[in-house]
Amino acid sequence: MNTIFKIAWRNIWRNKRRTLITAGSIFFAVLLSVVMMSIQKGAWDKMVDNVVNFYFGYGQIHDKGYWDEQTIDRSFALSEEINALPGQIENLDNIVPRLETFALGSHQKNAYVVRVTGFDPEREDQLTELSSRLTAGEYPAVDDKAILIGEGVAEKFKLGINDTLVLIGQGYHGVNAAGKYAVKGIVRFGSPELNKVMVYLPLAEAQRMHGAEGLVNSLALDIKDRRDVPQVLTDIRASVDTSAYEIMSWEEMMPELLEAREVDTAGNVIILFILYVIITFGIFGTILMMAKEREYEFGVLTAIGMRRGKLGIIIWIETIILGLVGAFAGLLGSLPIVIYLNRNPLNFNEMSEQMAETYENFGFEPIFPAAISPEIFFNQTLIVILITTVLALYPLLKIYRLKPVEAMRA
Amino acid sequence: MNIIEATGIEKVYNPNKIAVHALNGVDLTIEQGEFTAIVGPSGSGKTTLLNIIGGLDHPTAGSVKVEGTDISTLNDNQLIDFRKEHIGFVFQAYNLIPVLTAKENVEFVMLLQKRSQQERETRSMELLRAVGLEDQVNKRPSQLSGGQQQRVAVARALAPKPTFVMADEPTANLDSKSTANLLDIMARLNKEENITFLFSTHDQRVIDRARRVVTLVDGRIETDETKF
Numbered sequence: 005m006n007t008i009f010k011i012a013w014r015n016i017w018r019n020k021r022r023t024l025i026t027a028g029s030i031f032f033a034v035l036l037s038v039v040m041m042s043i044q045k046g047a048w049d050k051m052v053d054n055v056v057n058f059y060f061g062y063g064q065i066h067d068k069g070y071w072d073e074q075t076i077d078r079s080f081a082l083s084e085e086i087n088a089l090p091g092q093i094e095n096l097d098n099i100v101p102r103l104e105t106f107a108l109g110s111h112q113k114n115a116y117v118v119r120v121t122g123f124d125p126e127r128e129d130q131l132t133e134l135s136s137r138l139t140a141g142e143y144p145a146v147d148d149k150a151i152l153i154g155e156g157v158a159e160k161f162k163l164g165i166n167d168t169l170v171l172i173g174q175g176y177h178g179v180n181a182a183g184k185y186a187v188k189g190i191v192r193f194g195s196p197e198l199n200k201v202m203v204y205l206p207l208a209e210a211q212r213m214h215g216a217e218g219l220v221n222s223l224a225l226d227i228k229d230r231r232d233v234p235q236v237l238t239d240i241r242a243s244v245d246t247s248a249y250e251i252m253s254w255e256e257m258m259p260e261l262l263e264a265r266e267v268d269t270a271g272n273v274i275i276l277f278i279l280y281v282i283i284t285f286g287i288f289g290t291i292l293m294m295a296k297e298r299e300y301e302f303g304v305l306t307a308i309g310m311r312r313g314k315l316g317i318i319i320w321i322e323t324i325i326l327g328l329v330g331a332f333a334g335l336l337g338s339l340p341i342v343i344y345l346n347r348n349p350l351n352f353n354e355m356s357e358q359m360a361e362t363y364e365n366f367g368f369e370p371i372f373p374a375a376i377s378p379e380i381f382f383n384q385t386l387i388v389i390l391i392t393t394v395l396a397l398y399p400l401l402k403i404y405r406l407k408p409v410e411a412m413r414a
Numbered sequence: 002m003n004i005i006e007a008t009g010i011e012k013v014y015n016p017n018k019i020a021v022h023a024l025n026g027v028d029l030t031i032e033q034g035e036f037t038a039i040v041g042p043s044g045s046g047k048t049t050l051l052n053i054i055g056g057l058d059h060p061t062a063g064s065v066k067v068e069g070t071d072i073s074t075l076n077d078n079q080l081i082d083f084r085k086e087h088i089g090f091v092f093q094a095y096n097l098i099p100v101l102t103a104k105e106n107v108e109f110v111m112l113l114q115k116r117s118q119q120e121r122e123t124r125s126m127e128l129l130r131a132v133g134l135e136d137q138v139n140k141r142p143s144q145l146s147g148g149q150q151q152r153v154a155v156a157r158a159l160a161p162k163p164t165f166v167m168a169d170e171p172t173a174n175l176d177s178k179s180t181a182n183l184l185d186i187m188a189r190l191n192k193e194e195n196i197t198f199l200f201s202t203h204d205q206r207v208i209d210r211a212r213r214v215v216t217l218v219d220g221r222i223e224t225d226e227t228k229f
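The listed protein sequences correspond, in order, to chains A and B.
Its first residue numbered 5, the first sequence is counted upward by one per residue in the working numbering.
Its first residue numbered 2, the second sequence is counted upward by one per residue in the working numbering.
Chain A extracted, bound-state conformation (with noise of 0.2 Å):
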């Protein structure tokens, strides 16, 4: 086997140039594709951790139905089964009480739908890191009169700290819910969306003004690690009546984020897709010169005794290694860019302003870090592998058909 190694090394350099040129262009496929993926991938993951973390939660439990008709009159209280919650299922940390509606906003001549979210101050701190992300004034306690709101109202309202927004509303079974709150502090969320339309009102006060003390819409679930998700889910549909409340991932409940993010991938997916289609027949035109420069030597080699089968898996091994060196070093290229990227993600906000707002646009935190994911080296890897072994059947197949005395005669 070291001898057929040995063979298949040094065929691959007989020719340096060509096989610069190949894994050259193997090299440049990988590091784009690497490069690419890696920046789609932190991206859609910040965008995810920006709507996830900073405000849904990894799951959450509502009346039945609720998610399906969004509206204050299917809110529930709290009862002893859902407030034990946290003490029996594993890795469940904490339940995040919220009463979630929308109201018409309005300060001085400006009015605009906003949503409001009355919160537990402490636990929603807990879950999101709500008052890490305040850029003015303060974060609310539990028995304030005030509202924290996200940067994009204040821009939308022109309100600055202790300004008022009043809110006008409808309340729990159809009550009016009105109310007039000074702003206590600012927060800057990572979704465009959410900073444009979040105010948040501290749980008993927002009850009060719709009319529904004692209850909530939705519980939010503190669950630290996103890979406990499904068996924590799973535990708590196990110990609550599911005929009454509804327990949703966020998978389930942002399903067009998911489609979204497919069709996004699928689009990369076709360029790369592109890109790979190219190479294979840069790594094909290789191969073709090379399985016909060396017919004849292919020939004298079953002349002197060597099986096909063997011969075939030189030739394999030399496509292989030709394939892997490049792919390799595209790796290689690729890692410090990608970890450059990742600790200095791509800011259209320094960049482009116009960009920026285009990105805001589509929903998008114009800043864009790259994902270190094995995954996304390996599958390169796995391609290139996959793309050498379909074309080394070339040479396979002429190896095959090779008769010895034509193979010399060549």
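Possibly wrong hints are sitting among the right ones.
[To be verified] With a straight-line Cα cutoff of 25 Å, these simulated SDA-like cross-link-like pairs (lysine to any residue) come out:
| id | chain 1 | residue 1 | chain 2 | residue 2 |
| --- | --- | --- | --- | --- |
| 1 | B | Lys-162 | B | Asp-185 |
| 2 | A | Lys-228 | A | Arg-192 |
| 3 | A | Lys-10 | B | Asp-82 |
| 4 | B | Lys-85 | A | Arg-413 |
| 5 | B | Lys-85 | B | Glu-127 |
| 6 | A | Lys-314 | B | Glu-120 |
| 7 | B | Lys-162 | B | Glu-193 |
| 8 | A | Lys-296 | A | Arg-212 |
| 9 | A | Lys-407 | B | Gln-114 |
| 10 | A | Lys-149 | A | Lys-162 |
| 11 | A | Lys-314 | B | His-59 |
| 12 | A | Lys-296 | B | Glu-193 |
| 13 | A | Lys-407 | B | Thr-74 |
| 14 | A | Lys-314 | B | Leu-101 |
These aren't lab readings, by the way, just hints derived from the structure by calculation.
Based on these hints, arrange chain B on the given structure of chain A.
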């Protein structure tokens, strides 16, 4: 003792189109230790006969027995294994493996035979010494002259301890000095080690050194002379 018995060999190329009869019923026997040249004009069938005797091609009719084995009935893989164990080849264009050194080239067939490393080492050095290349063992073919490459090819052909060595126009690309040198080596190996050599050649220098000369014309043996 006959080591090769070719009986009624016929070879027809393109039998379904414009048939070319390369061999028309050739009978030939070769004994152990012969130093035989097959000669004849271009297109007389020399190389075809050699290819069939060497198990590189199948005859259209007739049979070839090498040490009693009818090789015309063997399938491709059996033929490859048979060639590996019984036949040494020397080609016109040397045909060494370009990425292997002289020594590795000689060792290569023994490697295919699964001989031990020690045996490969010893025999390859012995053979390279026998062909006068003991100081060129680590050179690759591109670093050797044509004559030196052909001597490595002879050493490679002898490495598997074959029943006979088949050489197709072995001196066609060599100058006079290299040709004389190569023929000396082969004649010495033939005489001292009783190795059977079978050549196809146009080269008068080879014909002069051969002990038996078989002349082919139009796919038939016209003359078969043993000189001494």
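Hints, one by one, checked against the model:
1. B:Lys-162 x B:Asp-185: Holds: Lys-162 of chain B and Asp-185 of chain B sit about 19 Å apart, inside 25 Å.
2. A:Lys-228 x A:Arg-192: holds (22 Å)
3. A:Lys-10 x B:Asp-82: Status holds; Cα separation ~23 Å.
4. B:Lys-85 x A:Arg-413: Given that 25 Å is the threshold and the Cα spacing comes to 20 Å, the pair holds.
5. B:Lys-85 x B:Glu-127: holds (20 Å)
6. A:Lys-314 x B:Glu-120: Roughly 22 Å between the alpha carbons, so the hint for Lys-314 of chain A and Glu-120 of chain B holds.
7. B:Lys-162 x B:Glu-193: holds (14 Å)
8. A:Lys-296 x A:Arg-212: violated (85 Å)
9. A:Lys-407 x B:Gln-114: Measuring from Cα to Cα gives roughly 21 Å; hence the hint holds.
10. A:Lys-149 x A:Lys-162: Roughly 20 Å between the alpha carbons, so the hint for Lys-149 of chain A and Lys-162 of chain A holds.
11. A:Lys-314 x B:His-59: holds (23 Å)
12. A:Lys-296 x B:Glu-193: Violated - the C-alpha atoms of Glu-193 of chain B and Lys-296 of chain A are around 42 Å apart, more than 25 Å.
13. A:Lys-407 x B:Thr-74: Holds: Lys-407 of chain A and Thr-74 of chain B sit about 16 Å apart, inside 25 Å.
14. A:Lys-314 x B:Leu-101: OK: Lys-314 of chain A and Leu-101 of chain B at ~17 Å, within 25 Å.
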